[in-house]
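2 protein chains.
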Amino acid sequence: MMFLVLWLCATVTSYSQQALWGGAQILSPEIHEDNTVTFRIRAPKAVKVEVTGDFIAPQLIDTPFGKFEGPGVAELKEGEGGVWEYTTPEPLTSELYSYTFLVDGQRMHDPSNVALVRDVASVTNYFIISGDRGDLYKVQDVKHGSVTRRWYNSPTLKEQRRITIYTPPGYESSNKSYPVFYLLHGSGGDEEAWVSLGRAAQILDNLIAQGKAVPMIVVMPNGHTQNAAAPGESSREYIPMMGGGPRQAVASMEESFGDIIKFVESNYRVKKGKGYRAVAGLSMGGMHSASISAQYTNTFDYVGIFSAPPIPALLSTDNNPDASQMADEFVNKLKVQQKNGFKLYWIACGKTDFLYQGVLESMNRMDKIGFKYIYRESEGGHIWRNWRIYLSEFAPMLFK
Amino acid sequence: MMFLVLWLCATVTSYSQQALWGGAQILSPEIHEDNTVTFRIRAPKAVKVEVTGDFIAPQLIDTPFGKFEGPGVAELKEGEGGVWEYTTPEPLTSELYSYTFLVDGQRMHDPSNVALVRDVASVTNYFIISGDRGDLYKVQDVKHGSVTRRWYNSPTLKEQRRITIYTPPGYESSNKSYPVFYLLHGSGGDEEAWVSLGRAAQILDNLIAQGKAVPMIVVMPNGHTQNAAAPGESSREYIPMMGGGPRQAVASMEESFGDIIKFVESNYRVKKGKGYRAVAGLSMGGMHSASISAQYTNTFDYVGIFSAPPIPALLSTDNNPDASQMADEFVNKLKVQQKNGFKLYWIACGKTDFLYQGVLESMNRMDKIGFKYIYRESEGGHIWRNWRIYLSEFAPMLFK
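Same order as they appear, the protein sequences are chains P and E.
Using this note's numbering, the first residue of the first sequence is number 1023, and each one after it goes up by one.
Using this note's numbering, the first residue of the second sequence is number 1023, and each one after it goes up by one.
Among these hints, one or two may not hold up.
For chains that are exact copies, the list does not tell them apart, and a pair is met inside one copy or across any two.
To be verified - Once the Cα atoms are required to be at most 20 Å apart in a straight line, the calculated EDC-like pairs of lysine to aspartate or glutamate come out as:
| # | residue 1 | residue 2 |
| --- | --- | --- |
| 1 | K1373 | E1276 |
| 2 | K1165 | E1181 |
| 3 | K1373 | E1415 |
| 4 | K1067 | E1100 |
FYI, nobody ran anything at the bench for these hints, they're computed from the structure.
What you are looking at is a predicted structure, and each value in this text was computed from that prediction instead of being measured.
Take the sequences, apply the hints, and build the full model.
Below is the structure:
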């Protein structure tokens, strides 16, 4: 009886909130048994409704920096009650997919899907197709680690900064010490990126449960030193990467990285020493990983560079003399890193990545000095799909 | 020079991601110095664009359960380049406000504002006006607590369940023990509700920094025992409160609450005993707080009932004989609770809340047995604005 009363209250409250905000009554996306997917949206006044997502054949977009692959577009058809519908012609392979609708050219989220994720200044819907790779990105019935948003002090940057930390299942209930994996985001991201679009907590939970990765702490700091935290999470005004703004960072990510290591090693039960530290990142975070592992001598045995030139100065392939000199200086650092030794230097890039040439040229320079790395080339470009794959492949190689 | 190279990479990446997803170029909402606010959206093909939000005079909505106050609606005017605009006629008072756009009647989020928050199955944009109450909801330049999403074992419900835990600034770096505040969501919520729309972490950080609240641990479990976690955060299919579904909960929130206390008290440095435990909640969570504090004898010295009848059976004011008998039984439990003693029993409700009559009737019954409570009546209805206010007023009364 008590249950009925509570249920009534729930119903009333839900109803009112639905009514207030016009909540969803439509099933979208609907993942069918054969993994085709139907998208639906009610838009009775619309003339044209499209869906754009990374499961549709990509189209090339012209930019000042060249042509980029963008998500493709498909048209929905209007049915009864002004509900538009599109079903993928083929089953989708197991993956996490992003999409938004275009209603008469106006980009809008799917009001029926609360799964939303922010990427840079844009928010998209997403869904996961199970079966293979997508299973690694889903919450499974396994033991789960904890994800904590907290703040550390950076004496170098003279401020408190927000950081996301994954501790593996069992961390709180044991006295064991764990290795630490520093996982860095790209220029469009922040300390939320790897746990949202990157699915880092699910990937680690699942790899650990399968015995493929050892239990480890994953530290995800904010790599933009001009900001203390993700948008809305700091008392200071958020400064977009491109926007300049009222505050220049007093030091770079590289210069201030020691503060993070010190914080982690004095606040968590960690195994200390080079053999128990890894650093990897995507794009800007990949370049951070290269320069940090070179600059903090003998600190990391495992380095991962995802979709970025391992020699950051080789970002552009044109003949900038300053870049060339910087590249030479960086190669000298790599010689020291090579001499000090490490266990894994892993470089991954997609064939259509706009940084692909810089990656190839970096490896060419590294070959000349006999620097030992492993190269993993994938399909696709500078996209989260690849970064989740790279994380899924890199984490199992650590601390073994 | 290195900075320039990284900046270039950032620019390229951001540009491509903006291009891919059609990111925002428009400033919206723009909060002016006098606290009027301008909303903007580019919609060149639209015939009518409106904004609906809780800062516009509310309108009444008819529902099967009666009339409810819903957020008001205001029209935007089209300007150059198909950019529509609306500025509030008056400055807004300091508060957190929610809104969405209606483009030709189609609800859509503000593509220029990444501040999005989920409420039940709907997602809205939000913004905060500083100056007074809003300052309590903003991240300020104070010491911050940590917010952890983790999992606990519930032997009663026979599963791992997700839970959100706030530990106060200094928790990790001290050996002190802290009191515990169990903070429960409503029927539309889950373990994310109080830290998202409820701004619980910011409110506690700020109240503690001001010396108004004592440092405490805040425990925010999931109150729907038919689900293990918020949508998308569990391996089981999410079962909406109204939807029924494949799995009935094996026990109620009340029956399984002991698992939560046990988990917290064996995993955190807590001060044990009645004087160091508080429980409060909104709506369904308020009824949970009433029944849990009555059922777990001599366990809580502080009880808060926000926007709910403290005698849950008096939810409806009609003459249901079963409800009447249940109310009598509950009053008998209250007599025991009264006899055992407590420090604070705090009831808060808005004058236009649809549960207002049930709250009044509950207090009427409590008066008859001389049950000592404090009643806080506010303006407004069954809305998050009130629940943030109640939390801001309740937390400072705890553990003193």
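Comparing the hints with the structure gives:
For the identical chains of this complex, K1373 and E1276 are neighbours neither inside a copy (28 Å) nor across copies (56 Å), given an alpha-carbon limit of 20 Å. Proximity of K1165 to E1181 under the C-alpha cut-off of 20 Å is restricted to the inter-copy arrangement: shortest distance 11 Å between copies versus 35 Å within a copy. For the identical chains of this complex, K1373 and E1415 are intra-copy neighbours only, at 17 Å inside a copy versus 57 Å across copies, given an alpha-carbon limit of 20 Å. For a Cα distance limit of 20 Å, the shortest separation of K1067 from E1100 qualifies both inside one copy, at 10 Å, and across copies, at 18 Å.
Of the numbered hints listed earlier, the single one contradicted by the structure is hint 1.
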